[in-house]
Every structure is written in structure tokens, then in C-alpha cells.
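Now for the letters of each chain:
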Amino acid sequence: MKSVPLWRRFARFFGADPASDVKDELRFHLEAKAEDLMNQGWPADAALREAERQFGDLVAVQRIGERMGEEMERQKQLRDYWTDCIQDVRYAFRTFIRDRGFAAVAILVLALGVGVNVAVFSVVDGLLLRPLPFADSQRLVWFKGGKSLDEKIRVAAGLSGETYTVDAFQEYQRNNQSFEALTSYQTFYGSQAYKLTGAGDPKQVTAIEVADNFFPTLGVDPVLGRNFSREESLKGGRPAALLSYFFWKNQFAGDPAIVGKAITVNGSPVTVVGVLPASFDFGTVFAPGMKVDLFVPAVMDFWRGWGNTLAIAGRLKPGVTVARAQAEADSLFPHLKSLHQDWYEDYASTLTTLKDHVDGKLRRSLVVLWSAVGIILLIVGVNLSNLQLARAASRAKEFAMRGALGAGRGRIVRQLLTESLVLSLGGAVLGLVFAWGIVFYLAHQQSIVLPLLSTIRVDGAALAWTFLIALAIGLLFGLAPALRISGAHLQSAMKESSGGIASGRSHERFRSALVVSEVALACILLVGAGLLLRSFLHVLEVDPGFHPDHAAAMTVDLLPAAKPPELAARVAMLHAMIDHVSTVPGIESAGIVDMLPLDRNRSWGLDAVGRSYPKDRNDAVFVYLATPGYIGTMGMRLVAGRDFSWQDTSDAQHVILINEASARREWPGEDPIGKMANGVDKNPVRVIGVVADVHESSLEETSSPEVYIPITQNTDVEGATLVVRTRLDPSAVYLSVLNALHAVDPGQPATEFRPLQSLVDRSVSPRRFFVLLVTIFAGLGALLAALGIYGVISYSVTRQTRDIGVRMALGSTRGRVQRDVLFKTLRLAVAGIVIGTAGSIAAARLIASLLYATSPWDSKTYAAMLLLLTVVALIAGYLPARRASRINPLAALRSQ
Amino acid sequence: MASSKLDLFRGTLDVLILKALVWGPIHGYAITSFIRRQSNDALLVEEGTLYPALWRLEEKDLVEAEWGLSENNRKAKFYRLTAAGRKRLHQESRNWEAYAAAVGKVLGATTPHVPEETT
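These protein sequence lines map, in sequence, to chains A and F.
In short: position in the first sequence from 1, add 844, done, that's the working numbering.
In short: position in the second sequence from 1, add 7, done, that's the working numbering.
Careful: at least some of the hints might be erroneous.
[To be verified] With the Cβ distance kept under 7 Å, some of the chain F side facing chain A (calculated, not the full set): (1) Gly35; (2) Tyr58; (3) Trp62; (4) Glu66; (5) Lys67; (6) Asp68; (7) Arg81; (8) Ala83; (9) Tyr106; (10) Ala108.
To be clear, the hints were calculated from the coordinates, so they are not data collected in a lab.
Even for Gly, the Cβ is constructed at its ideal location relative to N, Cα and C.
Given these sequences and hints, build the entire structure.
What follows is the structure, given as C-alpha cells:
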């Protein structure tokens, strides 16, 4: 082979061409052969023909060659591509090691952004996106009663307004066409106390009564034993119980032989028929924050006369939509009502998927959270662009050199994109660690009452999400600087001593625009967080109607009193308990009630005697049975009349206390004291006092009518809770209170002492959760924006070192230089704030429904945001400004 | 042309091509000439099989190709052995020698086949 002239090397300059390669190669072969033949004496044209003849099927070989050539070319390109990629990645790592500060800041910023995003994604995924932990859970439907009731009335009726009677449930179960199975559970689970004995100390346990088909309908199979049988849920059936997994683990040390054994509940033996799987947590789905130990069959005949007590859920037949089931409910419930004149209401119901029921209230809050972290991600991305551009200035010569050495613009863009991808993936890895920490923390927050919160985790979906956002950030926010940097004027960059002035100025404009958008985004976050924070503070300021501090509550056992004659014994015991507990040192007062406010509730009807009401009027009142002294112990205010006394026995005139809302509704403009009312007792009862309104279900909703009935006159209690007010820390008096109870009744189980404050905390915990997160996110956003401002101002000071030097040499003072830099900072901040305020006003409208007693245009919040961002911007600008003012004019002039 | 043309066993052509490249890069036509000359015209390589075989070797990275100029200044594609190709050649020629020796021994047998005793 002879040496090849240079021009030949460029024969395939415009890309590979396998087809003509093959043609050229074969033509050479034929010509060489023909030449040999001619040397042997063949004439020229005959020689070529002979050569072709000897070759055989030229076209076929040519076709084979083309196909193989193309294949090889493809492989070669792929190989080249990967080689280049590896080169780029290596190069990126080298530059990052050289530029450690930049890489560390970029990765940290990215990790923060990715971390909060993945954490919130995990929450959203666990609470909203992931199906419920039941088989075929999309076919599970939740029934919410009271559709035909006015919204206000339904809320006022509490749980009773949304639940069903046994008759309504069973009739619907028999007559519907849409459901494969319909099941229910007892919502008034607090009305029955369950005391476990015979296994260590007597212990109060939480049990839920469920229909016999409850678990099969949900698709939950016991890990041990079996579900309830039909016979076990009939009156007189053998008592049976299913254990929750954790109760089985904790109380019975996971004993597999427990199935078939009897445990003692409320003094009688109950056979354990099975253990539920760990994945089933009644609380997370149906009653956030509640831990259930036992499940027992609901004996429907027992509950038949008890009014609305059942919650209904059903499993749709395959192929039946929720809309069709809803349509059937709309016609079937009224039809059933027409067949049963004795039904109290028509049970018009709203059907939703169980999933919607569980997370319906959360959806908007979670969407807000998701948007907040999305905004943070944008700010992070903008910061990344910004940092890349700042670096580009110092790397202009490097790129100009590479360009001069033949690297095309595409190649340089690719290199820069690789760098940002390496950064964003690095940030994603660190971000995953952050996210894992946040999620672990949140999942173990027992004080936050959110459904399914304990199930959140960083899983495969979260990993995929991480990778996706890392890729998106790397590409999206790497592309803009890459295009700008690679498009800069190469020659001017080569010529300039310190980065191109021209490209520098245009970069700076671009970077200023980036910073302005950062500030605007941070502004939206701050306003949103500010509004939510103010709402939260307003909620905390709400007077719950009682004093939660220095008071605590514990569940106590009652003597059974099915009939009035047994009531005297029960009352005597309660009286003794209260007397004993009151003598404990440190206890100021004590009282007993069946249900605490902000905890559980039930409602009955209440009518003023002698008044005629419209037929459809709402007479629902929340009912509380209490002992004398309860009102005072709670710190509730008696605004008129007197409290109960132990002299209000069942033989005496039956009396009630009402709250102001009841007084307003039943006796508007009149003094209710001494008035008679119907509905809560067999005979009319006398109103003896009025108490200030108590928030019974939520601090954020106005109080509904309430009535307090003396435990001394009514047997119909929903359990019993002892409330004590103490001068000391409640935990300090716990044991002496328990001893005092045992002195009266040695069988009293040791139950948890709950500070009343925990009721308030629990009730505001979802809001606290969101406010905390949004506030942290807003802080993060402001911090990142500050970083952006610092970067831009700092860079512009560096770039103008000589200008500043000249000005100082010409007599400009340090103060003047500093002021100029700060002014420049302020200009960026103000531009961002103006745009951000406009954005905030739009965003605030979207979160208006999440606000409490706060206008979306709350001027104080906006003013605070303005002040905060300005201060943050000034701090971010002060550092470079100080540096500018310290520039030594002589050194600056000489250096360049 | 030659009536004594021998059929090449499958796979044998590849070794011959690799061998032809041992002394340096040559083009396809020179490979056919080399094989014909070395076998005293006994082995005639058809072009229709040579080129696909060459390209297959190129694809397997046993040879690599480069465009160059032939003795009479024409553009030609030159093939060169790669390290992997040289290794393969070494291995294949040893295989071939062992094979040829074995076949030779069998064909040169002078005693008849005696069945082994199975006790």
C-alpha cells in the first residue's frame, strides 16, 4: 500500500457511504483482474467482460456488501457515540474535581430540590395515587348518607347524619343490583368499653364491631385462622374475635396457637378465630389515627333499635360503574323508604369510591404541596442554569479553544449537557437520601392524623420519579446555558483577556432575567406559605370553648345499667370515683363525661315544648352525658343558670344544660332557663343552664347546638371518660389518680392519660402538617433565590473590577460603590417581587378554600413577604457590595 | 479453467484470508491471487464468496479495512489483520494441522479395524 495523499483521506468527508464503498471495491477488483487478463494477451473490452463473467453474480454480492456495510456503519456510530459519552462524562468529572466549590453547591442545591420533591411525591403517591391496600380496591364504594339533607344540617348532625340504621342497611343489601357484596361496621365504637383480663393487668382495648362479611368484602384474608361465620354474628351466637396483627404481636407475642383459644373480654370468654394481616390497618383507612386491637361481629339484631349507627361500604359487581350504582341508590333508597313508613329518613346517599372517601379532603392540600415543591424545583433549575452560566464566563477561553480545534457547536452543547446531567444525577442521589429521611420522619409521626400517612415510603415509583426529574432538570436547565455558551463569539472570547465583554454582558442580562424569575417564584411560595401560616395561627386562636391546658382525661369503666333501677348503683360509683379523685393532691376538680369534644360525637333531636316547627326543620343536637362538675373541670363557661348536682336524681325532674347555639335555635330572644324541651328523654326535660359554645368536631367549623344530660338521670351513655383538672403536670398525678380509682373499683383498667391539649393538637394536626411543610418549602425557595441573587451580583462585581477600580481612582467613595451594587440588587429584587406579586394573587385564589379566616389578599401577608424578600435580597447583595467597596484601585487597574 | 478445482470446506476460506494478510495490508484481488498462487492453482476462490467472507471478518473485527492506493495508483480497499485476527489465525492453523494429521493417519492405515473386547 502506498502512502495516501491527504485529500484521499477526505474521500468520505460528507459522511460514510457503504453503498459506494462496496461498488468502488468491486470495481477495483474487476479492473485489476481485467488488467491481468490483458497482460496475458486478452483485448481490453473482452478482458473486462471475462473478468465480470468469472466474478459471477456481481449484483448479489454487491447487495450483500451494502447490507453488511450499513450494519457496520450503524454499530460504529453507536460505538463512537458511547465513546464520546464516556469521554464527556470523564471530562465532566475532571472539571468538577477542579471546580469543587461549584460542584458541591450545585449538587447540594439540586439535592434539596429533588429531596423535597421526592418526599412530597412519596406522600402524594401513598395518600392519593396508590390504590388502597385491598384486593381490587377500585371496586370498593363508600356510602355517605344524608344527601337530601341541607349541608349545614348534615354537618350539625355529625356522624348520625351520614350513617344508616340496621334496617336500611339490610334492606339495601337485599334489594340492590349493583353490588357483589355490601358490608358495614358500627361507627359508635366508643359506646362499648372492652376490657381484656386474664392476660396481665386488666387492659382497655379498642374493638370495632363489623358485619360478618366485612373482611371478605374488602378482600382481606386473615393470616391465621378464618373470618367470622354467619352464626357468630347472630344474636346468641358464640362470641368470636379477630385480632389485629399488631395487637397479636404485642399482647400475645405473636403466638400462632392463639387461634381457637378464648380470651376474656368484659368478663366473658371470646374465641379468637383469626389474626388479620399486617397490611390491614382499619385506622388508616376508616378512622385516621385510631389503633384498633380487636374486631368482633356486629350483632345486627342488637343494634336494630339504635338509629343511625352503621357505616356502609360495598364491592361493586365487575363492570358496574360508581355512576350506575349511584343511579340505583338514587331510586332504590326512596323506594325502600316508601315501603317502610317508619323510617326516620330516606337515606339518600352519595356514593364515592372508598379511595375518594379516604383522601377526598386531602386532595387539594396535597396538590398545593406538590405545586410548592414544583416551584422549588423550578428555582433549583434556574439556579443550576445560573451557576453554569457563571462558570461559563471563566471557561469561555476553554470552549473557544475547543471550537478552534474543531469541536462543533453540537459537540460543545453535548459536553455541557453531559455536565449538567452528571450534576443533576449526583444531586438526585443525594436528594434521595434527603427524601428518605423526610419520609421516614413523616411516616413515624403519630401525632399527625392523616389517613395512610404511616404507609408512605420511598419506593420504586419514587425512584422512577427521582430519575425523571433529574433528567428533566439536567436537560431543560442545562440546555439554555449550553446553547448560550456555545453560541458566544469565539473570536472575541479568544481575544479578550478575561472572558468576552460582549458575551459577558449578554450573559448577565440573561442571568438577571433568571434571577428575577427566581425571586418571583420565591415570592409566590412565600405568599402562599404566609397565608396558610396566618390561617393556622387564626385556627390556634379559636377558643375551643374549654381550657385544654392543665387537664387530662382517661377512659373508665361503668357499671352496667340497662334499666333505670340499676342506675343508682352506677351513679353511686361514679360519685365515689369523683370524690376520691378530687382528694388526690394536686387535683383541682374532676368530672365524668361519655364523649369529649373534638373527639367523638353523636346527635339526637331537641324541640322546645309548645313550639310548632316546620316539617323539614333540623332538630339535631350533639348529646353529651356528664356528671356534676364536668363543665367546670373542662373549663367550659356556664353563662346562665346552674350546673348539674348529685341531687338531680332519676326520680327528680329531669334536666339538661344547653349551649348558646341551642338556645339561639330553640328559644330565640327568650331566656331558656326553666323552659321545657322534648327529644332527649321520654318526658320533657327542664333547661337549667346555658354553657358557652364548645367546638365539638373541629376548631374551624362553628359550633352546632349541643345538649348536656346528667348521667344521673339517663342510662344511655357512650362509654365514660374521667376528666381531671390539676395544678401539676398531668403525668405526675397519673398514678395517684389510678390508685384513687382502684380504691373505689379494683377492676378499673389502667388506660392512657390523655392531656386535653392532645385533642386540640390532633384536631389541628393536618393543618399543622401542611403549614409546616409549606413554610419550610417557602424558606427553602427564598434561600435559593438569595443564592441566585448573590451569584449574579457577585459575578457582575468580578467582571467590573476594573471599572470600579477606575471609578475609585477618579474619586468615587467606597460608600458610593457599595450603594451602587446594592441598588442593582434591589432592582432585581423589586422586578421579581412585582412579577411575583401578580403570580401570588393568582395562586392565592387557588388556595382560598384552604384558608381559615384569612383573605387571599391579606395585605399583612403581602407586606411581610415584600419585607422579607427585600431583606434577603439586600443580604445577598451586601456581601458582593462589600467586596466591591474594598477593591484596591491600583491593583485592579494593574491586574488586567 | 482448472478442472482440478477443489471445493473449500466451510470455514477454511476464513483461515486462508487471514493467512494472506500476515505480511501486511493487501486488497481483495491480491488475496485471491495469493491463494491461487500458493496452492499452485489448486484452490480457486470465487469472488462471490470471497467478498462476503472478507466483510464478515471485518464485522467480527478480525480484519480492518482502509482505503488506499494500489500499485498502479488506483483507489482500493486494503485489509489488515487485527490483533484478534492474528490470534484467530494462529489457533485455526493449529486446529487445521491437527485435523489434517488425524485424517492423514486414518487414510494411511495399514491394519484392519479390530473391535475392542467387551468383557
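Structure-based check of all given hints:
About 5 Å separates the beta-carbon of glycine 35 (chain F) from the nearest beta-carbon of chain A, less than 7 Å, and the hint is met. Hint on tyrosine 58 (chain F) holds. Least Cβ distance to chain A is approximately 5 Å, under the 7 Å limit. For the restraint placing tryptophan 62 (chain F) at the interface with chain A, the shortest Cβ-Cβ distance is roughly 5 Å, inside the 7 Å limit, so the hint holds. Residue-level restraint check for glutamate 66 (chain F) holds (minimum Cβ-Cβ distance to chain A is 6 Å; threshold 7 Å).
Proximity of lysine 67 (chain F) to chain A is violated relative to the hint, the smallest CB-CB distance being about 10 Å (cut-off 7 Å). Taking 7 Å as the C-beta contact cut-off toward chain A, the hint placing aspartate 68 (chain F) at the interface is violated, the least distance being around 10 Å. This hint holds: arginine 81 (chain F) has a C-beta 6 Å from the nearest C-beta of chain A, less than the 7 Å allowed. For alanine 83 (chain F), the shortest C-beta to C-beta distance to chain A is roughly 5 Å, which falls under 7 Å, so the interface hint holds.
Taken as an interface hint, tyrosine 106 (chain F) does not check out: its beta carbon lies about 29 Å from the nearest beta carbon of chain A, beyond 7 Å. With its C-beta approaching chain A no nearer than about 34 Å, alanine 108 (chain F) sits outside the 7 Å limit, and its interface hint is violated.
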